[in-house]
Structures are given as structure tokens and as C-alpha cells.
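Colleague: Working from the sequences, and respecting the hints, build out all of it.
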Amino acid sequence: MESQTIEIAERGGAAPAEISADMTPYTAAASPARASRRRGAALAAFTPVVTAAIALGIHRGVINRQNAVPSGAYARFLIGVIVAFVLLGVTQRVWRRTKSTRRNFAWAAVSNLLHWFVASAPIVAAGMLVLCAWELVTLKFNLMPLPYFPGPDGVLQTLVDDWRSAGLGQPGLAECMVQSLVLLLSGYTVGSVLGIICGVLIGWFAPVRYWGMPVMKLIGPIPATALIPMALMLFPNPTLSAISLIAMAVWFPVTMLTLSGVSNTRASYLDVARTLGAGPAYLVLRVAIPAAMPSIFVGLFMGLGASFLTLIVAEAVGVQAGLGWYIDWARAYSDYKKVYAALVIMSVYFSTIMTLLFVVRDRVLVWQKGTIKW
Amino acid sequence: MVSRQRAAIGGAKQGLTSDVPASVRIVNISKQFISTDGETVHALHDVSLTMVAGEMVSLVGPSGCGKSTLLRLVAGLESPDAGALYVGDAPIAGPSAERGLMFQDPNLFPWLTVRRNIQSGLVARGVLAERRHEVDEFIRLVGLEAFANSYPHQLSGGMAQRAALARALINHPKVLLLDEPLGALDAFTRMRMQDEVLRIWQARGTTMLLVTHDIDEAIYMSDRIVIMSPRPGRVERIIEIGLERPRQRNGAEFLRMRAEILEMLHFAGNAS
Numbered sequence: 024m025e026s027q028t029i030e031i032a033e034r035g036g037a038a039p040a041e042i043s044a045d046m047t048p049y050t051a052a053a054s055p056a057r058a059s060r061r062r063g064a065a066l067a068a069f070t071p072v073v074t075a076a077i078a079l080g081i082h083r084g085v086i087n088r089q090n091a092v093p094s095g096a097y098a099r100f101l102i103g104v105i106v107a108f109v110l111l112g113v114t115q116r117v118w119r120r121t122k123s124t125r126r127n128f129a130w131a132a133v134s135n136l137l138h139w140f141v142a143s144a145p146i147v148a149a150g151m152l153v154l155c156a157w158e159l160v161t162l163k164f165n166l167m168p169l170p171y172f173p174g175p176d177g178v179l180q181t182l183v184d185d186w187r188s189a190g191l192g193q194p195g196l197a198e199c200m201v202q203s204l205v206l207l208l209s210g211y212t213v214g215s216v217l218g219i220i221c222g223v224l225i226g227w228f229a230p231v232r233y234w235g236m237p238v239m240k241l242i243g244p245i246p247a248t249a250l251i252p253m254a255l256m257l258f259p260n261p262t263l264s265a266i267s268l269i270a271m272a273v274w275f276p277v278t279m280l281t282l283s284g285v286s287n288t289r290a291s292y293l294d295v296a297r298t299l300g301a302g303p304a305y306l307v308l309r310v311a312i313p314a315a316m317p318s319i320f321v322g323l324f325m326g327l328g329a330s331f332l333t334l335i336v337a338e339a340v341g342v343q344a345g346l347g348w349y350i351d352w353a354r355a356y357s358d359y360k361k362v363y364a365a366l367v368i369m370s371v372y373f374s375t376i377m378t379l380l381f382v383v384r385d386r387v388l389v390w391q392k393g394t395i396k397w
Numbered sequence: 178m179v180s181r182q183r184a185a186i187g188g189a190k191q192g193l194t195s196d197v198p199a200s201v202r203i204v205n206i207s208k209q210f211i212s213t214d215g216e217t218v219h220a221l222h223d224v225s226l227t228m229v230a231g232e233m234v235s236l237v238g239p240s241g242c243g244k245s246t247l248l249r250l251v252a253g254l255e256s257p258d259a260g261a262l263y264v265g266d267a268p269i270a271g272p273s274a275e276r277g278l279m280f281q282d283p284n285l286f287p288w289l290t291v292r293r294n295i296q297s298g299l300v301a302r303g304v305l306a307e308r309r310h311e312v313d314e315f316i317r318l319v320g321l322e323a324f325a326n327s328y329p330h331q332l333s334g335g336m337a338q339r340a341a342l343a344r345a346l347i348n349h350p351k352v353l354l355l356d357e358p359l360g361a362l363d364a365f366t367r368m369r370m371q372d373e374v375l376r377i378w379q380a381r382g383t384t385m386l387l388v389t390h391d392i393d394e395a396i397y398m399s400d401r402i403v404i405m406s407p408r409p410g411r412v413e414r415i416i417e418i419g420l421e422r423p424r425q426r427n428g429a430e431f432l433r434m435r436a437e438i439l440e441m442l443h444f445a446g447n448a449s
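Chains as they are written, first to last, in the numbering used here: chain A, 24 to 397; chain B, 178 to 449.
Mixed in with the good hints there might be a few duds.
[Unchecked claim] DEER-style ranges, computed between Cβ atoms:
| id | chain 1 | residue 1 | chain 2 | residue 2 | range |
| --- | --- | --- | --- | --- | --- |
| 1 | B | R308 | A | G150 | 21 to 29 Å |
| 2 | A | L257 | B | S256 | 47 to 55 Å |
| 3 | B | M368 | A | V231 | 31 to 39 Å |
| 4 | B | F365 | A | R232 | 44 to 52 Å |
| 5 | A | L257 | B | A267 | 52 to 60 Å |
| 6 | B | F365 | A | F228 | 45 to 53 Å |
Simulated from the structure, these hints should not be mistaken for lab results. The C-beta atom is built at its ideal place from N, Cα and C for all residues, glycine as well.
Modeller: Dropping the structure here:
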């Protein structure tokens, strides 16, 4: 019993990184090897400063071969990175992984975020080197020509310029992001709710399975984007048709994974629940659905990927704003700086949304802690 | 027939109301399955057994003798092809909270904490509000106070099995069905758990039907041992264990019975 208690204390306890940060000076002095390792870790937080400075040196010092006017946006960005990581590096001992409670919620959020930045410093540093390479092959040595391959400065400047308006009276990136988010959220919500409902019905009730599976198997694999003509025909406006296409794209994987999770519920859980006096409602809602949750989240994850794809394609048809519309519109004008700017936005935007899904999953599947690996 | 003496520890010490045990009658049960390759398997053939209320009976026999099937029939999770089963005077028509079940795998719901697992029987029957006070009593009964808010994956095998025991007991079942509940535990934990189950049995007086592979466990725990034989599964013999409780695991009489049962199961050669 005692060893079990210890084991749990360890599992629930601090991450290794935190332990080393909490070490007292006296233990550090006792082990010189550990002290030097700690100094190395502290220096790692400053690596982005070095690589951003190199990038800045290249940007300012190497002659441009591409015919582009430097805007100063890239230089400002690099200086921002340098300043931010100097500050983070100096204060790195302050930012710890903090367990969020109701009282210190805001502090914990800030502390965890900044701790994450400090811990990711080497990755940011590597990112700066990638920017260097990008600039060298485009703006500096012109190995890849304009207009197809603008350098980081041009793309960054486009991001700033187009934030409010894309020019020619068209909506800017900010408005496009909002528009896309509205479509994405409504389509994703409708699709995943329908998917979970269909999945549970098909997974639980044998007759629904008999009749539902063939329909699923025939309709599901059709890429939602192939249904664009039909959607435009069936729905009165392009927004609704885009939402329905996204919902369709999300619905299939969510339904499949939900029904698989529900129908694979361990029979012994159901047996135990029955001998505890459970009725059908308890068996479905409190046994089968929780048991299917890990599988449902795989479906929600796959559905999210499908929803991004469908969003971008569906927006290229009919609607007058949104990231998909923007990228299509920029391509039509051969304004590749805008295309790259949209890609940068999408990458940050979509990965943030996906991270949010993971946060929700970690909350819901807290009982699986230590066993999930994706 | 029931030759047990109740130990000093009574229900009052646990602060729990004693359950009302019920007799179990199994009358001329037959059950067959169609195996995956389409053959008919006679799991049970004309099996009869009567358990007095409050009795502890073990089912012993080689694999394939239908012990677990018999247990599932009493639980109401399967229905017999012929014959009938009764708890008290009522025929068994399906699973019910009056017949608790425990498997070799604790089968705790992994998405619920220990406390929520234990109270799931109350939730399932919609009586949590009025019976909530009992949850803590049962957590204490199995000594899991410190782990009430842990998830099953954080528990050791013995702790998980104790939680499963509390969950099975919270509905005050008249009959508790145990399908090799201690089979997966190490020898020491198993012996401790045997005493724990006995303590609860003596305190609460629940009728218990125990499937086991372990002859020692059967002799140590039960009032009677039912020896079954396979293909088709039927009752071979019923042995009354008249030993006084608490029993000595290496007493002369204990060892004599062990040898006798092993002989009966044709394992005499391996036993010595």
C-alpha cells in the first residue's frame, strides 16, 4: 500500500523540468555537473536572441538581388523577437508551470504561457534560421524569382498592410479570419453534433446499424468538396452552402469513430452496469458514450482536419470574404505575397484551434492521463 | 448445513445495515452455445444446486465446465435453455441490483473516480440523493478513503478489486456472485483479500457464490464446494467443509480435504 501511495505521488507530481528549476543552491553546489547543465538550460532561453540577430545582420548587411523595396516590417519583427527573448531569458526563473486554481487563474495562464515560450526557445531559434535561409534564397541571392517567391520581409509587410483591408475595397485579413471562424465553428458544431448522434444510434441499436451502415459506407467517402455544385443548388446562399459542406465533411469521421467506440464498449462494463441496476438510458449515456470518448475525440480531430480543407475550398466558391476566398482572390491577381501571408495566418490560426481541441480533450479524458500518446 | 460461526466483528461496527440474504435455487438447468465454428457446445447439462440464504458456495472445476456460465445465469445475464432459477421464491428473469457481480478484472469504469465508481449503483437506480451517506461508509469498509478521488488507472490490482467489491455491495445485494475475483492478484494480496471478503460476508451475511480455480481458496472460504466436470458441464460432487472459522490454511484437516479434492479432479499426482 505504501509503495502505491508513493507511485501516485510521483505521477501526480511535478514534471522533471520543474524539479530542476526548484533546486536549492546548496544541491546545485553539491553537484557541479548538474550546475553546469542548469547553466546550459538557462542559456538555451537566449538562443533566439542570437539567431534573430544573425537574421537581422543578413537582412541589413547582404545586398538584395531581388527587385523589392525593404519595408522595415521584417527588421521590426526581428528586433521584437530579440527584445522579447532577452526579457524572457532574464526573467525565466519566474515563469513556472503552475497548477491553475480558481484564485490564481490569470497568473497561472500567464506563467504557463511564458514558461512554454522559454521552454520552446530553441525551436524559435531554429525558426529564425529558417527565416534566414528563406531570405537568402529569395531577396538576397534571388535563387527563387519574384513574383512567385517573395522574401519574408515582403510577406510580413503584406500581412500588416492587408490586416484591415486587402485593397480594391476588399475585406482585410482580420475580417477574413472572423468570416472563416464563423463558417468553421457553425459547420464544425453542426457536423460533430450530428456525427455523435448518428454514431451513437448506429453503434448502439442493431436495426439502425443494419440500415444506417450501408448509407454511411456509400455517402461517407464522397469528399465534401465534390458536393459543392449540389450544395450551391440546394442552399439559398453561399454561406449556408459552405456551412453545410463543412458539416458534411466533419460528420463522416465523427460518426464512424463514434459508432466504432460505442459498439466496441467492453461487454463486461455493460454486464457490471446491468447487475448494478442500470436501465437502457444509463447504459447508453453513462457507459457506452464515456467508454467511446477516446475514439470520439479521434473522430473530432480527424473532422477538424477535414473541416479546414473544406472551409478553404468552399470559401473559394461564392462567398465574398474568408481566408479561402482571400487566397483564391490573391492567386487570381498573381499577388503571391498575399498568398503566403494567408498561409502564415492559416498555419497560426488553425494550429491554435487544434490546440484548443486538445485542451478540451485533455480535460474530458483526464481519466486516461498517462495513457494517451497523441 | 451452514456450519459457519459469525465472527465477533458484526455489521454494527461498520455502521452498516445488514443485508437481507436470499436463498438461490438452480433447478435442472441446461445451456448450450453455438461456437464460432458452428458446433454446439453443451455448457451446462441438467445442473441443480440449492443455496441456503447467507451461504458461501464455491464452484470448482476444470476450464470449460460451465462455472462462469452458471454464474452468468444466476446474474441474469444469460437465460437457460431448460430449467429455472430462483432467488428466494422469485424466478430470475434478467439482471438486477439484488444480485451483485464481480469479475477477475475489476472492471471499474475507468472514466469515473473511485467514489463515483462505488456510487454508480445508486446513480443507476436513481437513489443517489437519499443514499449518498452510504457511499462514504462503503469507501471506508474497503479502506479506500485516501483514494476516493483517484482514477482506476492509479490503483494497484488489490485496491481496484476492493473498489469493485464496494461497488458490488452498495446496492445491498441479496446475492453476490464472484467470478474468480482474486485470480489476478499476487499470493499475498490474494490472502488478504480472502480475509476481507470473509469479513464482509460475516458482517453482512450476503449469500455468496464464488467461482475459483484455487482449491485452497475454495476450502478456506466456503461452506460447501461444488465440483463440476466439463463437456457437458454438470455437478460432479458437492463437498461440505465443516471446518471451524477462522480456518487454518495448513491445518491437518484442511490439507486432507485439499488432497481429497485434488484426487477428485485427477490432480493427485501433481499435488504431492
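Colleague: The structure should be examined with respect to each hint, and the outcome stated for every one.
Modeller: How the hints compare with the structure:
Roughly 58 Å separates the CB atoms of R308(B) and G150(A), a value that falls outside the hinted 21 to 29 Å. Between L257(A) and S256(B) the C-beta distance comes to about 50 Å, which sits within the given range of 47 to 55 Å. About 49 Å separates the C-beta atoms of M368(B) and V231(A), a value inconsistent with the hinted range of 31 to 39 Å. Under the hint 44 to 52 Å, the C-beta atoms of F365(B) and R232(A), about 47 Å apart, fit the expected range.
A hinted range of 52 to 60 Å holds for the C-beta pair L257(A) and A267(B), which are about 58 Å apart. Remark: the range hint 45 to 53 Å for F365(B) to F228(A) is upheld by a beta-carbon distance near 46 Å.
Consistency with the previously given hints fails for numbers 1 and 3, ordered from lowest to highest.
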